[in-house]
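Asks: If you read the protein sequences in the order shown, they are chains A and B.
Position 193 of the first sequence, counting from 1, maps to 193 under my numbering, and the rest follow consecutively.
Every position in the second sequence, counted from 1, becomes a number in my numbering once 1000 is added.
Mixed in with the good hints, there may be bad ones.
[Unchecked claim] Under 8 angstroms between C-beta atoms, here's a sample of chain B residues computed to sit facing chain A:
(1) 1013
(2) 1014
(3) 1069
(4) 1095
(5) 1125
(6) 1130
(7) 1134
(8) 1158
(9) 1160
(10) 1233
(11) 1256
Just so you know, the hints here were simulated from the structure itself, not pulled from any lab data.
Backbone N, C-alpha and C define an ideal beta-carbon position, used for all residues, glycine too.
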Amino acid sequence: MAEIWTIGEIADGAPTRLTLELATLARGMAEASGGTARTLLVGQGAGSAAAEAASYGPAVLVVETDAALASRPIANVVAPRAAALIAQHSPDFVLVGASNDGKDVAGLLLGLTDLPILYNGAAAAWADGGPQVEMSTFGGKLVTHSAFNGSRGIIVLRSGAITAEPAASAGSVETAGVDGVSELPEVKVVDSVTEAGAAAPIEEARIIVGGGRGVGSADGFRLVEDLAAALGGAVGATRAVVDSGWIGYSQQIGQTGKIVKPALYVACGISGAIQHKVGVQTAGTIVAINRDPDAPIAEFADLMVVGDLFEIVPRLTEAIQARKAAG
Amino acid sequence: MNIVVLLKAVPVVGTERLDADLLTDRSVQLEANGNDEYLLEKALQLTETHGGEVTLLTVGPSGATEALRKALAMGAAGAVHVVDETMRGSDARATIEVLAAALAKLDFDLCFAGADTSDGQGGVVGAALAVKLGLPYLSYASEIEPAPAGVRIHRLNAAGYDVLESPTPAVIMGTQLLGAPRYPSLRGIMQARSKPLDTWTLADLGIGSDAVGSATATTRTLDAEKPPERAGATFVREPADVAVAQVVDFLAARRLI
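The following block holds chain B by itself, in its conformation from the complex (with noise of 0.2 angstroms):
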């Protein structure tokens, strides 16, 4: 089976900013999405059970290289680099439409998404992107393995999980209990060097750059501030049970019990 994987590149987690049109700046340090390393592992997993390749793709600014040849190194066959400076300030919905126009040119029958993104927090691209490419979604994935029919998943929920099945191709979003992600071995690295790294531009893509960035975006960012300083700790430095009685004091005066 072979597997796509959606890469995103984001800044290095703790050096987030915004850029003067309060845009993620992206011209920072970048590495790969942690949710999205774990889908890779499932990736790599699979095809070494099962035969197949995984091939990486990210949407993103030519700093986003770096990623891609780590993950490269961690096993996958090779990667797909959409980069176009007119897509800066691009907003979802034309993300999705460039992310689903590369997805057509490519082979796959499963299309692998993490559960968020560390800059975006928003969850619902692979759900969105399994729409447009008319193809079966199935999501938080705990398990991933094919099936007669297809592909089967566990899907977490508040009791245990439910088992899902779907014919392929289809798009999987997967959770961190996929398991944790490999580190590349020496060996690994010494292949990426040579593995293909594909850079697609809009235009490969059919897709006019009138149709991205910021001049298309439907929201913006209005503000952006510190959030406010919380008040500070009150220490309580008792014995245990004078220092009970002066938390249940605590809690009692806050109405939290």
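With the rest of the complex left out, here is chain A (with noise of 0.2 angstroms):
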């Protein structure tokens, strides 16, 4: 009998896609225990989020945040309330997105709960009485499973955890007072930079293509963003591409930037080095293409395409753009 909360995310007025996912983890393994199971939204605009929130079946609790709290960074809005309903609901499991914004909660929680915590999770559900928690564990070397000593805690997950899919019932929607909030030290944003070229989030994608040092150049990397472009993927590189400057550091996959479980992944002139296998090896497919049929991408690779780039990329780029056009 569990009571399992999702710590909600808002982006553009909207949950964001690891909420729904989370909110419907949070929905199976509360019917599994025979509990119950909610999505916590918190922040200036909360309620526009909530009734598609809600559709995805745990009821739906709404924090609206006045103006002045605007110019926090939104984790040390969300944590302090967070912390003060744990306190007043005691829910059994508190489910976290492992989303930048989402890791931030999760370590503010941790200080001000003092709740177990288990994080880098890459899926999640019921078993013997309580969640286990399955991890991709040193870049994905070994699958691990991991479980609370005690009956709470708090759990930190990736995208891709699981499908995000609406209930058969929606979930209510109620808006809640929060009492006992004690505010985190203040950091204030005091400004917000948008740069040109800002690239669509690889963590929300279900489809990425990636490229590596064979692309060869700024120029080479359009032909991975159009490939992008008419897949309706994101772009992703490795650490070569990115020192390079072709790309942002926000797109950067693998060890030392962020791991990733798309649907699908497209690699482009990428040779699967250890350190970038790690941050895509758990993608549903993978299809490579590249000049050496002996790199290490071909290991983990589900279609090895062994040819020239810049011969292929173009063209597939028009095959799916004609396929699109003619529905």
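The two chains are supplied separately, each in an independent frame; assemble them into the complex guided by the hints.
Replies: So this is what it looks like as structure tokens:
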């Protein structure tokens, strides 16, 4: 009879895909335990995201915050309110997404609540009377399962743990007031700078097209971007490409970048060194385009196209555009 | 400004393994966590420009010394190594308590933490530490500079970055965009041999050994196995036009387009 909460995230007035995945997961785990699930949405305008979040099943608890808090980083607003509600309602388990803001919320909550924590989760399920969390450990060398020794805890989960699926019946939406919030030491957002050419975030992408050193130049990298656009996906890159300045660090996949789990990863001119492999090896399908048939990526790709990416990638982009145009 | 850099000694990437108790085996060769070195580099640059000293803080087994010596050779002024065999098997909460107690004994304006570690990939320690110490927490920094009010950072977001400010002391978690770490110079390596590398035990921090270790851990690893092998790649070696048609068919068959 566990009560399982998800701490949601909002982007552009809607719950993020990761939030909806966790709400789906919380719903399943709560059903398996005979308990209940809730999604917590905190922030200015959080109510606007409530209906969509509720359609995934768990009841939504909305905490609207006033404009005066808008000058704080969102994690500093969410964490103390979540902590106060956790103190009030004592949920058994709290799911948090492993986005940048999510990890900040989880870390701050860890400090505020002293709840046990399992992080770097790739999947979770209710088994033997509690949550079991699957992790891809040591860059995917091992798959491990972990559990809490006690009956409560925070679980930080990466995207792709489950496919988000709306529930047969939507959860309720309730606006909550929070008492006893003790604010964190103040950090102020004094400016916000939008950088031209910011690419779609890879954490949320179902399809990612990655470029490696083999694309040769910033111009070569445009071929990767064109293919990503044709596929409706996001652009990823190896560290060498990011270090060369052909794309921003936010798109870096691998040991020192992000770990992603898209349904499809298309690797263009990527050799597949271990540092990159660890970031993407759990993708559903991997297609590699590489001149070298002996490149390590052949060891974990599903389809290995041996050839010149400068010939293949533009033609692939055209073929996909043509197919989409034909409907 | 005085800066403490949290540095974790992790198994050399690629050599990680679990021991018989399903704990990360730390008897293998250890190296400084890659992400932590970027913060060390930024700390060195800041103190070179604005004065002050960089102190390293690590909690870990005796094998962490080598990683600390290398970081001292890069330019840190001194290091504190909290080493106590009773800590083996500690969970994140116990580790954070130990770090917080050690930081309480150090004089600093800024405490730096890397974005995450190669062996744990949590990325939550910096935030929890800041809460424990009652300090402001600033994260995902791509730039760090002094400001009239204390410190100013650029925090990465999907569209660019936010500029954040807080008073100091503060805890800052940073990214690789801070700049690639330097290599130790020969002179640095020589100097590192005589730099202070203090070893502290839990008793020095006023923490009982009953507060740490496997017996107090709130989580446990149930099992570990090798991931299922991918089936192996199907090779396409046809000319570009034929190859592209095959890729399209492959993606369509898997309903990916």
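Asks: Run through the hints listed earlier and report the numbers of any the structure violates, in increasing order.
Replies: 3, 4
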